[in-house]
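Protein chains in written order, with my numbering: chain S, 274 to 878; chain P, 1247 to 1604; chain W, 37 to 543; chain H, 277 to 425.
These aren't lab readings, by the way, just hints derived from the structure by calculation. A quick note: this is a predicted structure, and the numbers were derived from the prediction, not measured. Be careful, since some hints might not be right.
[Stated by the list, open to error] Across the chosen pairs, the derived CB separations fall in these ranges:
# : chain 1 : residue 1 : chain 2 : residue 2 : range
1 : S       : Ser465    : P       : Ile1350   : 30 to 36 Å
2 : W       : Val467    : S       : Pro352    : 33 to 39 Å
3 : H       : Asp354    : W       : Leu253    : 42 to 48 Å
4 : H       : Gly342    : W       : Ala327    : 32 to 38 Å
5 : S       : Leu851    : W       : Ala327    : 30 to 36 Å
6 : W       : Val512    : H       : Ala418    : 57 to 63 Å
7 : H       : Ser351    : P       : Ala1380   : 46 to 52 Å
From the three backbone atoms N, C-alpha and C, an ideal C-beta is built for every residue, glycine too.
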Amino acid sequence: MNTGELLIFLALAVPLFAAAAIYAVGRMPDVRETLTIIACIALSVITISMFMRVGAGDPPTLTVARPLAGLEIAFRLEPLGALFALMASLLWGVNSLFSVGYMRGKREANQTRFYMCFALAMFAVMGIAMAANLFTLFIFYEVLTFSTYPLVTHTGDARARAAGRVYLATLVGASLVLFLPGIIGVQIVAGSTAFTQGGLLPGRVDATTGDILLLLLVFGAAKAALMPLHGWLPSAMVAPAPVSALLHAVAVVKAGVFAILKVSAYIFGPDLISTLPAATWLLWIAAGTIVIASVIAMTKDDLKSRLAWSTVGQLAYVTSAALLPAAAGLVAGGLHMLVHAFAKITLFMCAGAIYVATGASKVSEMRGLGRSMPIVFSCFLIGALCVIGLPPFAGMWSKFLLIKAAFGTREWFTAAAMVISSLLGLLYLAPVALRACWSRLAMDRHAPSSVRRRARTGCCGADDHSCSMCRAVPAGGWRRQLSCANRGEGAMSEGTQDVAPKEKPQLGEPGEHPLSVLLFSWMRGKLFFRLLMAGLSALGAVLIALEVVLSHRPVTSLVNMPGFFGIFGFLAFGIAVLSGWPFGKLMRRPEDYYDTRSGEAGRDR
Amino acid sequence: MTALPSSFDVTLALDIVLLVMLLVVAGAVARTRSLLAAIIMFSVYSLISAVWLVVMDAPDVAFTEAVVGAGVSTIILLGAILLTRGEAERPDWRRLIAPALACIAVGGLLVFAAIGLPGLGDAASPANAYVGRAYLEATPKDIGMPNVVTAVLSSYRSFDTLGETTVIFAAGVGVALMLGFGPRASLAPPSAVIGDHHVVPRVAAKLLIPLVALFAFYVQFHGDLGAGGGFQAGVIMAAAIILHALVFGLRETMAAIPPRVARSLASLGVLLYAGIGVICMMNGGGFLDYDYLFPPSVEQQIPGWLLGDSEHAHHWGQHFGIMLIELGVLLTVSATMVTIFYGFGGRTVEAARQEAKQ
Amino acid sequence: MIAFETLHAAPPALTAHAPLLMVVAPLIAACAAALAPSARVSWMISVTGSVFAAWMALAVAGEVARRGVVDYVIGGFAPPLGIALHIDGLGVMVALLVSSAGVMASLYSGHSLTTEVGAEKHTLVQSGFLLCQTGLLGLVATGDAFNAFVFLEVSSIGTYALVAIGEKRDRRALPAAFNYLIMGTIGATFYVIGIGFLYAATGTLNMADMAARLATLDDSSVVQAGFAFVVVGLGIKAAMFPLHGWLPGAYSYAPSLISIFLAATATKTSIYLMARFVFDVFPYGAAFGQAFVTWVLAPLAATGAIVCSLQAVFEKEIRRILAFSSVAQVGFILLGLSLATVGGASAGLFYLGAHALIKITLFMALGGVALSLGARRLGEFAGVAREAPWSATAFAIGAASLAGVPLTLGFLAKWRLIEAALQAGAIWVVVVLAIASLLTFLYVGRMLEAIFFRAAPAGAPRAREAPVGVLAPLWVLAGLNIWFGLDASLPEQLANSAARALLGAAP
Amino acid sequence: MSFFLSHFNYIAVAILMMAGLFVLFSSGNLIKRMIGLAIFQTSTGLFYISLAKVFGGTAAIAVEPGSSEARELASRLDPAYVAQYGVDGVVYSNPLPHVLILTAIVVGVATLAVGLAIAVRVREAFGSVEADEIDVLSRVEATQPGPQA
């Protein structure tokens, strides 16, 4: 085992061992959390040294098992993966520090499970980052899903369980129905699933098979939250803030886009991608996702929800980059993945800090809070500007490269979507911090002034645009701060209730920034909807009419039927909508089948 | 080859008449609500089919059907209704539609297939011309025994018979598990049920039981030559014991043959059967290859007169083997039947006790 | 990787008789167990008999790998006059499965019986369990169609009563056992009727001989009806949808020893026999057989996989969930077989083995915990993970394997099925598999959520951790689920040779 | 007519089987179901025995060749028929199905015994042998917690 292989082994073993050790010492919180931090540091050292070695000599390879003939669980170090591993391990450290504060501050239950699952998730992330083939990647992708499920449902109430169910059902469903058949398809077509420089499939597939495989693999990686498989991400924001940070920045969604990047770069290869029609369709979908997610983000009052929708949009940037028919797109995608991770973790930590300190989770409740928590909101502003892509923050470079690549390949639509979304981001992210700092406190005259003072002591979190730092508050001070924060929370909610009826009627929702009111309040009228429906109907009619004129690639003889695409599209749409209905019913049905009522009566008979 | 005689044939006439009777009885079973009537009808059904089996040249099967179908089955069924109740509820006619349709479908398939079968009595049909005929030709050479059915049962297809004996043993185990345990102390004294004034049946039974047992042994050892064998003999032997139990009370019988002993005997029978197979195997042959029952040194010691017929002397292994495994079958079958009767019988008394209390 | 070609598990004198000893050893042990003076002795006899049978199965496996097929003539009369055992790659696989399940179940029985069955019945229960094992192994080994019926009954008759003694815990065991008896007997009788038609058409009962003669015959109504009766009869025994009505009750209420053993083996052996008839005995090339596989077997299997998974999703009692899941998984196996390619058959048989291992793990883990808790419904299992972490974790491993979570055997089994379906170009099978797997995730998720993520209500009875005698075999099985998930070369090798044996002659 | 006569056995046996099956399916009473099952199984035996009948044959118990009994049996039949289908001058019915059905009858009585034993226990546990009533009681049972060991 040479040094490279040893590093791969250690990168997997450290988090796994950490998980076991955390479980073993679960009863001693201080030891447990020290262990976590030590593991973070060790893993960071390992990934840094891995990152240094990338590109020097042959990539080290480690084969662990061969479950079936032709299938291997194997790892190999390559630049993209090393970058991902480095990013994840650094952010794990930052996030762990933050978690210690957050979890203790909130006095959450099941903290051992939390830290253990976190370490397991890191184990999975390392596996994904270093996977030498799609099969291995899939395995660790699933391990990641299952190890994060307990985190998403951490609070254990009905809402968290419902979110967990949606989380699991979407991710597992997509990977079972789409990803797995796609991988097996690759295995059958190419006889292997190994990631190959320049692509595994070129020369081995025809256009139709390639299209199908690309669609299966890209949609199958539902962690990338490409619409319409994005629903799990906003609903998962019920989880505690460190978990949201993990989902959005460190591991989960990044694993999704990372998988897409790997598939694009090493399974299809840029050359093959550029010949596949499916890549173009997916680009359109991604562009749609970018814009729609940004628009929805604007309408959300809940800060975490707003951030979640922003993530959906930003992920689609990376997906677009992966599907652009140029190698430049991959570089831009990788960079954006990294930058967005650092920026988003900043934002979520700020949201968590605000929540721990003041209990405020809605944007409308945060007006003026910046006056009492200036550091947190400054960090928030930096993170927001970074996500938006304004200079001098790192987001600028990735966006610049992305838009350049889109222009370079003449994907105007994608480029336009990116630009529009950045502008929208300016509208929905920046004002949160700005209004917090420059508005008056929402309950200024009613809340006791001590709330603000205590809130100030409770906050923690500091950031610059590419590196987060967390200031752990000395352990002795926790209890006091916590009780203050809790009392403040109670007082604040009372205050809000008192205030609400007295507030003078506004055009928009409370806390909504004026630009948003200006831009969107007119949408709330009935007339708008009528106009919208009429416009859509007209558009539909025009499209159907165009059907007659336009020619299509004949896939089957059915295409020659007049109006085939219109009818087909309508039917497919209808089926898609209708099939969602029973599934939704299934997911949301009351939990009577658990038999809780009679069960409780039963077990204490 | 035409299957039918040109002139009117008594066999065919009997066949048709008996089948029609069977149909009538089966219809009566389906219609009646009284379980007792249904059981008696079923007993009649078995008896008629036993007669039909004789007409069809299957005396061995007829014998078994008579003792098993009309005998043991009826006893068990009667025991069961004693423990449950005598009337079946009349099902709603609407709930008969689905079963009727299912039966019509299966019956249709059967008739559809039956039309393709060769006619009754066709000597050239594959069934009768191939392996069946081969047994008739090979038995004198291989086994040297007149009753081909016994030869096939205990030698050619002895593995089937081992399985069948095991099934019986398994049934004994099953019934013992279900009904064999419980408060045995509540067995009623025989006088309470029968009473001392039933002298006549007791005397008759005392006379009958040895005769029945003797008959069982006759059936057992005559199986080589005519209809009979371990199964029939076993059931008859069990009948003798059951008769004893009926007349003298279960407690007396259980004192003579405790349930545990009966169960052990059943398992010993199977062990004997399988053991014979293993002995053949250890002497260099295959499992249950009776030609290897005794090693050659022993073979030479067997005097020729033992089998009575020097022509068949080389079949000594087959004869001894068949005799021994039939003994195993006898043990298992009789002991299991007794065990089953103990199960139901023991419960009967208990149930009667419980009802008397209420 | 075990090279079976070089496996000489037993001395030659035993190996020569191994196919038969594999069947007779549990039979002799069954008799001995019934005679045993105490429960302890009968348990030891049971373990010895099962281990011996498994040893003989291994010896047969070596022989089959070397010679392709092992024939053993009984009574010195070659078929078609006599009865011969006939074991090929497929038979070896199922025999190894049954005998190793027998070993695990018998090891487990030492502790489970004490709480579930009255002490006076132990010797008979062990005896019945061994008889069931005899029947299943005989069914696998025999080359004679009627002999197979006899062993089918040997395996069933004792089992009916064994299911019924679950009444001590749950009186619903009794009607369930009665139902099982009725359905099982109808199935066996249908099989006998079918064999009767085949005998009328061919004049022989030996399967190989029957196949040779059927190949020369025209497709007559007699053969078709024989086919139909045999398949329906075995379909009932194999719990093929929609003939599965007996299974949930029988598996749910039986004592855990019996559920464990039945869940791992009973339907599997019937599927084995059905596969032998459909692909070996009947000339598969005949339009009739092909039409059956394409238009009856595959759609029914698909419907069963989905409908029964749905039933499992809505079921409340945890053992019934597993039982419905068993029916659904039978659908998976049959879907693989119905592809009628070597790859498909291999995947189906791989799944068969995997599912046996998974279900035995699950039922054993459940038995271990439920023994002390007396719980039935999902809600009553809340918080068990805290009180019995070892059992619960083993259960979680088994459940993950059932759901097809990567790094477990179940995942590889699903992978192989989907791969085979894609290779055969049967996209609809992939869709069905995906939907059914999704539903599997749902009900597995419900079970794990209840066990791991719910707190026990206050005042609820506490579960006790299972004793070491239960945990040891349980963790061996759970470990195998993971081990085979990392290196499945052994089951793959078995499944491949089984599939070749099954379809070697088919197009 | 000749066809009807030669296949009457099979059709009658098919009807008998269905009668048994109908009793089994239609009756809710467990005991009566067992009776139906027994009729069904017995009728299956009749089907096999019908297959085994050989016209002019006798039971498969060997008659000494050349004995008066053998001569008498042969005299009733066409000599060519005897020569073709007889063994040592005597025509026998097919013994193989007889053997099979002997086995099947024994299996049948074993099933009957176990089934009735279970039915008796059902009665003791539920107080009824009617499937409907047992179903109702079972459904009630499903809502009860299990007994703790």
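Taking the numbered hints from earlier one at a time, note which ones the structure violates and give those numbers from smallest to largest.
1, 3, 4, 6 and 7
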